[in-house]
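Trainee: Chain V with the ligand: place on chain F using the hints.
Each protein sequence line maps, in turn, to chains F and V.
Just so you know, the first sequence maps onto residues 46 to 266 in the numbering used here.
Just so you know, the second sequence maps onto residues -18 to 153 in the numbering used here.
Partial selection, computed: residues in chain V whose CB lies under 8 Å from chain F:
(1) Pro122
(2) Gly131
(3) Pro134
(4) Trp141
Since the hints were made in silico from the structure, they are not lab data.
Please read all numbers here as calculations on a predicted model, not as lab measurements.
Ideal Cβ positions, reconstructed from N, Cα and C, are used throughout, including at glycine.
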Amino acid sequence: MGSLRPVDPGSTSPAQPGFVATSANWLINWSRKNSLWPMPLGLSCCGIELMGLLGPKFDLARFGAEAARFTPRQCDLLLVAGTLTWKMAQAARTIYDQMPDPKWVIAMGVCSSTGGMYDSYAVVQGVDSILPVDVYVPGCPPRPDAVIDAILKLQKRIERENPLGRLLGPAVAPRPEEGTGALDYQPNRGLRRTALDKHPHDPKARFPIDETPPRRTEVQP
Amino acid sequence: MTAGATAPRFAPALAGLEHRLVDSGDGMPTIEVARERLHELLARLRDRAGFGMCTLVTAVDHLPAEPRFQVTHQLLSLEHRDRVRVHCRVPGNDPWVPSCVDLWPGANWSERECWDMFGVRFAGHPDLRRLLMPEEYDHHPLRKDFPQGGIEPDRLYREWDRKRRAGWSEPR
Ligand code: SF4
Chain F
46 MGSLRPVDPG
56 STSPAQPGFV
66 ATSANWLINW
76 SRKNSLWPMP
86 LGLSCCGIEL
96 MGLLGPKFDL
106 ARFGAEAARF
116 TPRQCDLLLV
126 AGTLTWKMAQ
136 AARTIYDQMP
146 DPKWVIAMGV
156 CSSTGGMYDS
166 YAVVQGVDSI
176 LPVDVYVPGC
186 PPRPDAVIDA
196 ILKLQKRIER
206 ENPLGRLLGP
216 AVAPRPEEGT
226 GALDYQPNRG
236 LRRTALDKHP
246 HDPKARFPID
256 ETPPRRTEVQ
266 P
Chain V
-18 MTAGATAPRF
-8 APALAGLEHR
2 LVDSGDGMPT
12 IEVARERLHE
22 LLARLRDRAG
32 FGMCTLVTAV
42 DHLPAEPRFQ
52 VTHQLLSLEH
62 RDRVRVHCRV
72 PGNDPWVPSC
82 VDLWPGANWS
92 ERECWDMFGV
102 RFAGHPDLRR
112 LLMPEEYDHH
122 PLRKDFPQGG
132 IEPDRLYREW
142 DRKRRAGWSE
152 PR
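Just chain F, same shape as in the assembly:
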């Protein structure tokens, strides 16, 4: 008790962290979780909701995360709000890499969580294909309340972290922080699809799913 040393996240020994270490951990976590600096990566419609979230009505300042900065070097919370395309993915990954440790990621909206309704060649099917994501927020777009809930959940997560162990423990090789790499991860994959799924915007498209639509093949003279 009273030592700063015994905090080692990788150790399997039953030794518990000492009092000073736990208190310091608590203090560091407390200050980190209450001053998250979000990097607003507003990519499409969810970005509008994000502006509402940062504005006076929903007032993210109550939870200590209102200081949105547009340079990743000053931020520790990446808020991916919107549809990430493969062309934009390089920029998003660069932004993530430029953020200093410790850093967290919230995927806001179904587009950034799973690709959403854009089952398309251009859209990343979930930002977790390229980034490690901490909290997913469903909704299209999610209400600002839901994002506030996600930030509270993230704060609870930060409370359980062990920053001193990372600082004082044996040097760990940098982890290649990656996404799952599961490109075609789709949570609803097992569901039976209907013809309406194939043509979500056309209420008249009622042909069975395996039948190809009638197509005019004759050459126009």
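Mentor: Okay, now just chain V with the ligand, sitting in the frame of chain F:
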């Protein structure tokens, strides 16, 4: 309008140039023309019939019909308040049409988008690069034989990522 009913306003401007009036079914006069005469026809429509604005250049993929692509120009005349549509069918193994950027500079990005999405080349275009997809992308997404989920949509990102990781030195 049907071809036989009343001759369209621009008919005298096209005298002596081989073309066909077709019924597009929506009331807009529609001309079909071979690509060898497309540029001449567009130039005459602009200079002699007053179509000062090119509002749209796009294509239709008629797979599996041949000729496969139908390049569509839509022109607008502000002084006469009417529009005309020009169709030009091109074969799938050699899709190109003459560019009309020299007639309407505003067609520049329309033609670039058409090249990006359909793979139809515009001969004489000053800067025929892709408009939306990355420049190294191999496919043309709006073609009918392009699958909805794409062909290796993450290939360019993964290549970039591999290069980036190879040059990665600073640990933390
Ligand atoms: S989840 Fe909905 S609101 Fe958000 S970016 Fe996607 S489509 Fe837009």
